[in-house]
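2 protein chains.
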Amino acid sequence: MLIYQRINRILKTATTYNRCRWLYCSTPHQQVSHYSHFTSSSQQVLGCRVISSWFSRAFSSGGPQPQYEEDQVDPFSLVADELSVVANRLRSMVVTEVPKLASAAEYFFKMGVEGKRFRPTVILLMATALNVQISKPASEGVVDLFSSELRMRLQSIAEITEMIHVASLLHDDVLDDADTRRGIGSLNFVMGNKISVLAGDFLLSRACITLASLKNTEVVSLIATAVEHLVTGETMQMSSSAEQRSSMDYYLQKTYYKTASLISNSCKSIALLTGQTAEVALLAYEYGKNLGLAFQLIDDVLDFTGTSSSLGKGSLSDIRHGIVTAPILYAIEEFPELQTVVDRGLDNPENMDLALEYLGKSHGIQRTRELAARHASLASAAIDSLPENDDEDVQRSRRALKELTHIVINRTK
Amino acid sequence: MLIYQRINRILKTATTYNRCRWLYCSTPHQQVSHYSHFTSSSQQVLGCRVISSWFSRAFSSGGPQPQYEEDQVDPFSLVADELSVVANRLRSMVVTEVPKLASAAEYFFKMGVEGKRFRPTVILLMATALNVQISKPASEGVVDLFSSELRMRLQSIAEITEMIHVASLLHDDVLDDADTRRGIGSLNFVMGNKISVLAGDFLLSRACITLASLKNTEVVSLIATAVEHLVTGETMQMSSSAEQRSSMDYYLQKTYYKTASLISNSCKSIALLTGQTAEVALLAYEYGKNLGLAFQLIDDVLDFTGTSSSLGKGSLSDIRHGIVTAPILYAIEEFPELQTVVDRGLDNPENMDLALEYLGKSHGIQRTRELAARHASLASAAIDSLPENDDEDVQRSRRALKELTHIVINRTK
Chain A
1 MLIYQRINRI LKTATTYNRC RWLYCSTPHQ QVSHYSHFTS SSQQVLGCRV ISSWFSRAFS
61 SGGPQPQYEE DQVDPFSLVA DELSVVANRL RSMVVTEVPK LASAAEYFFK MGVEGKRFRP
121 TVILLMATAL NVQISKPASE GVVDLFSSEL RMRLQSIAEI TEMIHVASLL HDDVLDDADT
181 RRGIGSLNFV MGNKISVLAG DFLLSRACIT LASLKNTEVV SLIATAVEHL VTGETMQMSS
241 SAEQRSSMDY YLQKTYYKTA SLISNSCKSI ALLTGQTAEV ALLAYEYGKN LGLAFQLIDD
301 VLDFTGTSSS LGKGSLSDIR HGIVTAPILY AIEEFPELQT VVDRGLDNPE NMDLALEYLG
361 KSHGIQRTRE LAARHASLAS AAIDSLPEND DEDVQRSRRA LKELTHIVIN RTK
Chain B
1 MLIYQRINRI LKTATTYNRC RWLYCSTPHQ QVSHYSHFTS SSQQVLGCRV ISSWFSRAFS
61 SGGPQPQYEE DQVDPFSLVA DELSVVANRL RSMVVTEVPK LASAAEYFFK MGVEGKRFRP
121 TVILLMATAL NVQISKPASE GVVDLFSSEL RMRLQSIAEI TEMIHVASLL HDDVLDDADT
181 RRGIGSLNFV MGNKISVLAG DFLLSRACIT LASLKNTEVV SLIATAVEHL VTGETMQMSS
241 SAEQRSSMDY YLQKTYYKTA SLISNSCKSI ALLTGQTAEV ALLAYEYGKN LGLAFQLIDD
301 VLDFTGTSSS LGKGSLSDIR HGIVTAPILY AIEEFPELQT VVDRGLDNPE NMDLALEYLG
361 KSHGIQRTRE LAARHASLAS AAIDSLPEND DEDVQRSRRA LKELTHIVIN RTK
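These protein sequence lines are chains A and B, in that order.
Just so you know, the working numbering puts the end of the first sequence at 413, numbered straight through with nothing missing.
Just so you know, the working numbering puts the end of the second sequence at 413, numbered straight through with nothing missing.
Chain A on its own, in the form it takes in the complex (with noise of 0.2 Å):
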């Protein structure tokens, strides 16, 4: 059997089991109960290793790649060359003549660090999604210029969202006083935070002067308005009243502005840029908003899980921050007490633990999971109403595309 296929049939498996077990927990005694079972079933835990070794593999820039079936794909590979390109691209993108500014500017797009490359992954299997060929080498036929010069300008928005992405992440990390990032220190660590702030300055301006290249001004302004909320979710994150904190709607809001309105609006803009309709821009706003939702959401349950499977096994570096996400909403609807709890501070290992206790009891990680995966589906679901088209890399983008959505709710790392 393939690996893909097995893997496909755990992950089938596990998440029925998984769905049942919580589906059917209806008490907090109950679900304490099953919540330590399902964790020390080794059923469980053989198949999440499995699946947490070929998603870090998936996710990984180097290493080997998990082998498909022909109808399968794996969205990383359908790019990989690709991405060298646009890799190239951006290292090139961020010389200038002061070597200070050149050093600080490229040090995440260095080989080797520059991340999982998630959106422009997604931004590219986005243009061929829709239609927008990477053209074939002249010997394998007429090159088709227009194309291939329409390609370029589609590569330029994943060039432009990652450097706005990592000037984020400069910026971040500095408000955050972090000291390591993708592995190595942080720049801020160690060329200073001045270095940082410019940095992170200089990939916004070079950004927005790329952007102008393209010649449509929709498109500056939606990327701009994407910069405006990645600004505005941060904003919004630390500065909450103990209302807004404990507000379902006031998180969903932050969660798309920090993490969903970035990658949403550079979708959009791909159709915009290939001449797509209005409803076809909205079906590719619509794949990378809950894409981008389903990615945080996760990333919030395994903030709390970590790697393993259990509770209190993950960084627990949000609430730690005082930064309440999804499955602890959920928990304080179930538990209302746990509010006072959380307000206490979780700095304090006792209320860390009692908040722990409580979240075990209650349906907060199952329900986080669940709505992950209402809009991952919601986001496969955007691919499927995109006018139909019979070409083969159209047909195998879109699959790829899917395939990320699975992969970003079925993750473990």
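These aren't lab readings, by the way, just hints derived from the structure by calculation.
Check the hints yourself; a few may be wrong.
[To be verified] Sample of chain B residues facing chain A (criterion: CB under 8 Å; computed from the structure):
(1) Met93
(2) Thr96
(3) Val231
(4) Thr232
We put the CB at the ideal spot given by N, CA and C, even for glycine.
Position chain B against the provided structure of chain A, taking the given hints into account.
This is chain B only, laid out in the frame that chain A set:
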């Protein structure tokens, strides 16, 4: 005699007197003695006081304004009403749904702390100088709607430029750990570094969104390049080698990036948005560039002299922070041994006294003022080279732009 004529005569006398004294002092000894004499001359001191007081008023946003004859223009009064419109729009443009971000973003746009509004003044004057009239109220005749819409687009350039300028101030204050700005606590001092970085990013993205709404990608590119120049200039200043710090070319390049690029590209944007020829766009750019350079050169002089005419009475903040500016660079050309004094560090009071002594016996201050005057002349010449136009408003705005070049080089604060 009207005040303006009196001031003009004083200025003329002071300039001639000053130039003669400096031009005919060839030895260091003569320079020192003449410099002392210059500062003790009661006539000169009186002249300086009158000029200082007048320019203080000219630069302040409130208080009594100087009186002008009919053919004379006060640049700031000429656009005062429109500046209020711009200020109100700016305040409404930085509103967001997150109260803390809104407070931070509007911090320097509030009544009384808007600063000199030098850039918006130049931009609005340039708009009229290129024959884009302010539409008259309907009661005075038929309103030219096209003209009115175009004028609002040009006002947007003033608003965008001011947002970018304030964003750069917010980030600069974080970089420099500054605790005051415009006579009040700096934003980082009052609300913290995090919100200052975010508010700067927010203003940049809001500026970019407003830029996109103008639907002219060449203008987006120009202004985004100016933002990049702000960053490049700041980085050049903080990461220069000893060799670069002693290079006049490096200093002028950095000065262009930090001070002149934004205003020159904004002026050029006005020309582009009004459909001027490439030649006129270049003249507008040249005006802004040379005015900006003259402004900064005088700033560098004032860092040594302050509101008095004596060396060492300024804040000396640049030189204390190891930032070598034109006066010292010229002094090093005459006295190469000053370089070693500077390299030893001027945070040591003995080195500082020695450096000021060298500067006093050199032509450093004089040559910097002369260079500023040359750039002011070039700015003025750019205005004279604009296509002829007999319209009274156009003529008046052009005179005001030229008047600004005098104000810039003769200011004492």
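Here is how each hint holds up against the structure:
1. Met93: violated (12 Å)
2. Thr96: holds (6 Å)
3. Val231: holds (5 Å)
4. Thr232: holds (6 Å)
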